[in-house]
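Asks: The chain contents come next:
2 protein chains.
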Amino acid sequence: MTFQRIAIIGLGLLGGSVGLAVREYLPDAVTTGYDANPATRSRASERGLVQTVCNTAAEAAQTADLVIFCVPVGAMGAAAAEIAGSVQPGAIISDVGSSKESVLKALADALPDNVIIPAHPVAGTENSGPDAGFASLFRNRWCIITPPEGTDPAQVEALSGFWQALGANVEVMTPSHHDLVLAVTSHLPHLIAYTIVGTASDLEDVTQSEVIKYSAGGFRDFTRIAASDPTMWRDVFLTNKDAVLEMLQRFTEDLTALQRAIRVGDGEQLFDHFTRTRAVRRSIIEQGQDDARPDFGRSDHTGS
Amino acid sequence: MTFQRIAIIGLGLLGGSVGLAVREYLPDAVTTGYDANPATRSRASERGLVQTVCNTAAEAAQTADLVIFCVPVGAMGAAAAEIAGSVQPGAIISDVGSSKESVLKALADALPDNVIIPAHPVAGTENSGPDAGFASLFRNRWCIITPPEGTDPAQVEALSGFWQALGANVEVMTPSHHDLVLAVTSHLPHLIAYTIVGTASDLEDVTQSEVIKYSAGGFRDFTRIAASDPTMWRDVFLTNKDAVLEMLQRFTEDLTALQRAIRVGDGEQLFDHFTRTRAVRRSIIEQGQDDARPDFGRSDHTGS
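Note that the protein sequences, when read in sequence, are chains G and Y. Here the first sequence stands for residues 195 to 498, numbered as in this note's numbering. Here the second sequence stands for residues 195 to 498, numbered as in this note's numbering.
There is no bait here: all hints are sound.
Taking lysine to aspartate or glutamate pairs in the EDC-like style, the calculated list, with each CA pair at most 20 Å apart, reads:
(1) Y/K435 x G/D460
(2) Y/K435 x G/D399
(3) G/K299 x G/E343
(4) G/K299 x G/D346
(5) G/K435 x G/E295
(6) G/K435 x Y/D460
(7) Y/K435 x Y/E295
(8) G/K435 x Y/E462
(9) Y/K299 x Y/E276
(10) G/K299 x G/E276
(11) Y/K299 x Y/E343
(12) G/K435 x Y/D448
(13) Y/K435 x G/E462
(14) G/K435 x Y/D466
(15) Y/K435 x G/D466
(16) G/K435 x G/E447
(17) G/K299 x G/D436
(18) G/K435 x Y/D399
(19) Y/K299 x Y/D346
(20) Y/K435 x G/D448
Keep in mind that the hints were calculated from the coordinates and are not lab data.
Please model the complete structure; the sequences and the hints are all you need to start from.
Replies: Structure follows, in structure tokens:
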């Protein structure tokens, strides 16, 4: 079972990248798409993110055998409601959202007659909008598929095959486990980055200009993440609240312990902690999940 | 006034990069160097980090008109004591350390007859050791010079000229203001990165393997910083304690406010905060302090 007609609802970074990746790696598939923003639809047509950009979500979805929602997780329910009554009952409904329990519920409530198999490709950049996508975004990245209990394995297999065709590695887990894992590998890092960039902007005795000039000491790394789409991230935190708060509690405890070590001058504790964290980087590089070049291969050291 | 004979004490990432940059951009200068680790001295010779690798710090410093200490900030005093009695009284003593009040005191205590002008090039990578350095490390980066009150302006000018020759932009400020600025642009980001990587490593319900696999969601960015040299960073936190604890307090307050917004579901506050932080990234890129390409220009999206 493979998908022949793919509808993409939402044509920003993720939706656009899915469309471009299908064009590149599944050239026989027919793609339709829709975005609520007319300017995005227009730009999506120009870039050819999908073969046909439609004027309604219902029109984009009506002949599809796979519908992928690529909208902020808080907008999934409303977007899905727009295709109710038009989408074929046999079509599989999926998405690319960063939280999964809430999305599964929103999609299932809006489309009770369809099979819902949520998915989350763990990939992205700090850019957003219809110009941000590119076909290779998912290559060598993981895509997590979170079918509800009782889903037909053949349908899960079909969706896995779709993402594998786009270059991703696929893992299957429950929505709730996904939400816990992503709370630590993605949501908490974003929250912390957003926080520190805000803290640095609000100081009285250090100017904004100084913060920017000397950002190469570490701060600039956080600003990339803190430049991510505000709507998307607002929705992530609101829809994965429990897991994020749980991870945040653990982070705060650990930060308090290091703060105390600094206050009392416990160099040994600091050294031990900093030595331990070094190993994690090595594993990430060994498993191909980051650029092995120093400084992510940034170009500024070459003087360009 | 320009420097003719430059001694570099400590031949890791920073010391090695200074040596290579002098070779590249100030080819007429004579360089000597020393490192307490015999293996580092040997590797420094092979790579030609300095023209002459000496067996003692005293030997490396004895004919120098500029001595630059490139050792962890906690080791500055002991390293400086090793050249007391050998270094010429007219030689200027400088360094590249990340905290400046404590380093100024340590160097001045050890070498009371010399002029001390501390400096801090805000540049580096997550790598360390004699293989990590490269000549272009300082290009388009800022170097902060922190002369004690009453320093001869001509000597400050000479040190500024040295760093400018290596490609850096130079700013002069007091040691205490430096320590405050760097607490927010560098020390706090490192502490937070070290913390979250530790937190993620200690979870029971999310495996280490899952943390690594799904790190592209944001976590991997933090692991780069948290792979930095443990000795260097232990010393930074112990020597810039007050400013770091002050910034940490502000960060914790801000994090608590966002935590509360998540708990009560205040989407507007989250959205406003996330929108505000986006602008900081733009300024950093406009001022040439980071790579403008998405995702720092990481190579993994190209499938390489």
